Amino acid sequence: MNAQQMGFGTRGDEFYEALMAAHDGLDEAQSHALNARLVLLLANWIGDVDALKRLLKAATDA
Amino acid sequence: MPAYSYDPQPFVRPPELDGGSTGAPVAIVGAGPIGLAMAVDLALHGVRCVVLDDNNVVSVGSRAICWAKRTLEIFDRLGVADRMLAKGVTWKVGRLFHGADEVYSFDLLPEDGHKFPAFINLQQYYVEQYLLERARDFPDLIDLRFVSQVTGHRATDAGVALDVVTPEGAYTLHADWLLACDGAGSDTRARMGLDFTGQTFEEQFLIADIEMDQSPFDQGTPERWFWFDPDFHPGKSALLHMQPDNLYRIDLQLDPGAGAKVEATEERVIPRIKAIVGDRPFRLDWLSVYKFRCIKLDRFVHGRVVFVGDSAHVVSPFGARGGNGGIQDVDNLGWKLAAVIRGDADAALVETYHEERSHGSAENILNSTRATNFMTPKTPIEALFRHETLRLAHGHPFARQLINSGRLSVPCSLAGLSLQTPGPAVGRAMTDAPVGNGWLLPLVQGRFTLVGFGDIALPDIGVARIGIGGPAQGYATHDDPQGYALQRYGTGVAHLVRPDGHIAATFHGTVDRGAAQTALARAMGKRCERVPA
Chain H
1 MNAQQMGFGT RGDEFYEALM AAHDGLDEAQ SHALNARLVL LLANWIGDVD
51 ALKRLLKAAT DA
Chain F
1 MPAYSYDPQP FVRPPELDGG STGAPVAIVG AGPIGLAMAV DLALHGVRCV
51 VLDDNNVVSV GSRAICWAKR TLEIFDRLGV ADRMLAKGVT WKVGRLFHGA
101 DEVYSFDLLP EDGHKFPAFI NLQQYYVEQY LLERARDFPD LIDLRFVSQV
151 TGHRATDAGV ALDVVTPEGA YTLHADWLLA CDGAGSDTRA RMGLDFTGQT
201 FEEQFLIADI EMDQSPFDQG TPERWFWFDP DFHPGKSALL HMQPDNLYRI
251 DLQLDPGAGA KVEATEERVI PRIKAIVGDR PFRLDWLSVY KFRCIKLDRF
301 VHGRVVFVGD SAHVVSPFGA RGGNGGIQDV DNLGWKLAAV IRGDADAALV
351 ETYHEERSHG SAENILNSTR ATNFMTPKTP IEALFRHETL RLAHGHPFAR
401 QLINSGRLSV PCSLAGLSLQ TPGPAVGRAM TDAPVGNGWL LPLVQGRFTL
451 VGFGDIALPD IGVARIGIGG PAQGYATHDD PQGYALQRYG TGVAHLVRPD
501 GHIAATFHGT VDRGAAQTAL ARAMGKRCER VPA
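Protein chains in written order, with our numbering: chain H, 1 to 62; chain F, 1 to 533.
By construction, these hints were calculated from the structure, which means they are not laboratory data. Being a predicted model, the structure only gives us computed values, none of them experimental. Beta carbons: idealized from backbone N, C-alpha and C, even for Gly. Do not rely on the hints blindly, as some may be mistaken.
[Unchecked claim] With the Cβ distance kept under 7 Å, some of the chain F side facing chain H (calculated, not the full set):
#: 1; residue: VAL277
#: 2; residue: HIS302
#: 3; residue: ARG370
#: 4; residue: ILE381
#: 5; residue: GLU382
#: 6; residue: HIS387
#: 7; residue: ARG391
#: 8; residue: PHE398
#: 9; residue: ILE461
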C-alpha cells in the first residue's frame, strides 16, 4: 500500500463518517488515545515496516 | 431592482364559486417547480388536474439553481429542457480551495455521447416560468388557480375535499387525490399533524446573488468554486456559482448563533463579497439566510394524500439534492398515479412511490448530512481531521475522496425494491447515448418500453419496442452511429424500461415472452400468474 493509492472505492464518505463517530463524545485526551490505538492497529495490519516508514515520512512531510 | 421581472398570474374565477364543479381527479397544492412539473407530467399521461397556489408569481429569489443531468432528462420528457439548456449556465469543472491554495479540480462529466451536461445552473424562477408556460399548453387538462389558498382538507368517501379561499369567495374542491407540493413548510402536512423532525444544523449560511459584468473565472468559463477556510472568511466555508444574466451565487457559512438580521445587511455582506470578487463592480440582487435541516416524513402516501418534493423531505443544499430530488419524485409518481386513475393498476402502485422515493430521499439525506458534517466540524477533533485531510489532499490524491463539499445529485438505484425483477443493471436510470439521428432517452421514456441492444429479438407484450444497433425487426430499430449505446449496454441485451426511465428487468441472449410479461406485470404492481408464451 502506498499513499498514492485510492483505497476507499466509493465508500470514502462512509469511512469518514465512521471515523468521526468513533470520536463522538470523547474529550481531547481520549481522542488522542483513540488515535494512538488506531495507528498501532493499522500499523500491525499493514505489517510491512519499510512501507510504514515511508508512510511516516509522507505524513511528516505533508 | 431584481434582475428578473415578475409577471403576476391572473386570478380566474373557478366554476365552484358559481355552483359548478371541475371533475378533475387530481388536486395539486403548490405551483412551485414540483407542483407545476407534476401537472405537466400528469397532462402528458392524459390526466386532468387543478393546481392551487396562494401566490401569483414564480419563485421570489433564485433559490434552487443547480439542475442535474437526470433532472434535465426528465424535464426533456416534460418539454422544457431545451429552453433550460439554452438559458442555463453549463459548468463541468469544480475547484476546491483550502486557504489561499487550490487543492484540486474535478471535471463532472468527462464522457461524450450524452444529450445533457452533468449540471446546469438556472434560477428557480426561470424553471417555474418555463414550466408554467408549458402547463398553459394543456388548457383542457391543467386548471391553474392562483391567489387560491387551501385552508383545510379532509378525506371523503370519494377521495379528498379541499377548502379554498379566493379574493372572490370560498369554495370546496372535490378530487380523488391531493398531491401536496406545498414545500418544506407544507400546510397540508401541518394540518395532518404529521411528525417532521430531524437533524437541524446550528450553522447558518448566507446566500447572496450579485449581478456582475466581469467574470471572475479564467477566460469566463463558468466553474464551481468551493473554499474551506479562505483568507477572506477565516475558519468558514464559501461557495461561488455562476447563473445566467451575469448573476453569481455566493454562499457564506456564518457563525452558529449569528444574527440573521444583522448578517443579511449590505454593511456586513458587501465587504465579504469584495474580498471574493476584488475590484469588479457588482450589484446585490438577493440576500437570504438559512439553516440546514435534514428531515423526511415516515410515509409519503397517506390514503389519497401524497407528499411530493420538499413537503416530504428536506435536505441541506450542498449537493443540489432538494430540487433534483423533488423532480425525481414527480417522475416516479406521475406514471403510477396516471395508471391508477385510468384503472390500469390498483392503488398499491401509488404505495410503491413511497417505497421507492423514501429510499431515494434517505440516500439524499445520508449524503447531504455527511457533507454538512464535513463542512461544519462539531468538535476540535473533527476540525483537526478535516484540516489534516485538506492538507494531505494537496500531495496525496487519496485524501481528495474524503473531502466533502457536497456529493452532487445522481439518480438513485431502485434495485431490490418490489417492482423490479432482480438482474444485472436493474433499478438504474437508463444512461443516454446517441442513436439514429437523435438520442436514446426520449425513445425509452414516457411509457413502458422494451429496448434491445445488438442482435436480440423483442416479443410483443403490448408495450413499445425499440431495437438499437441490431438487425432490422418488425418494430422500430435505430443504428448506433458512434458506438456509445452498445459500449454502454452491451450486445444481446434487452431491458424493460419503466416510463420514468428506470430499468425494471434485464434479459440476456433472448427475451422470453412469458418472462417479459411477468416482469411487466410486476412493474405495474400486479401479482398475476405467468402467462404462457
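Hint check results:
1. VAL277: 31 Å, violated
2. HIS302: Not OK, violated: F/HIS302 not within 7 Å of chain H, min 32 Å.
3. ARG370: Holds - the Cβ of F/ARG370 comes within 7 Å of chain H, reaching about 5 Å at its closest.
4. ILE381: 4 Å, holds
5. GLU382: 6 Å, holds
6. HIS387: At 11 Å from the nearest chain H Cβ, F/HIS387 fails the 7 Å test, so the hint is violated.
7. ARG391: Nearest chain H Cβ about 6 Å off; hint holds.
8. PHE398: With a closest approach of 5 Å, the F/PHE398 hint holds.
9. ILE461: 35 Å, violated
Checked against the numbered hints given earlier, the structure breaks hints 1, 2, 6, 9 and satisfies all the rest.
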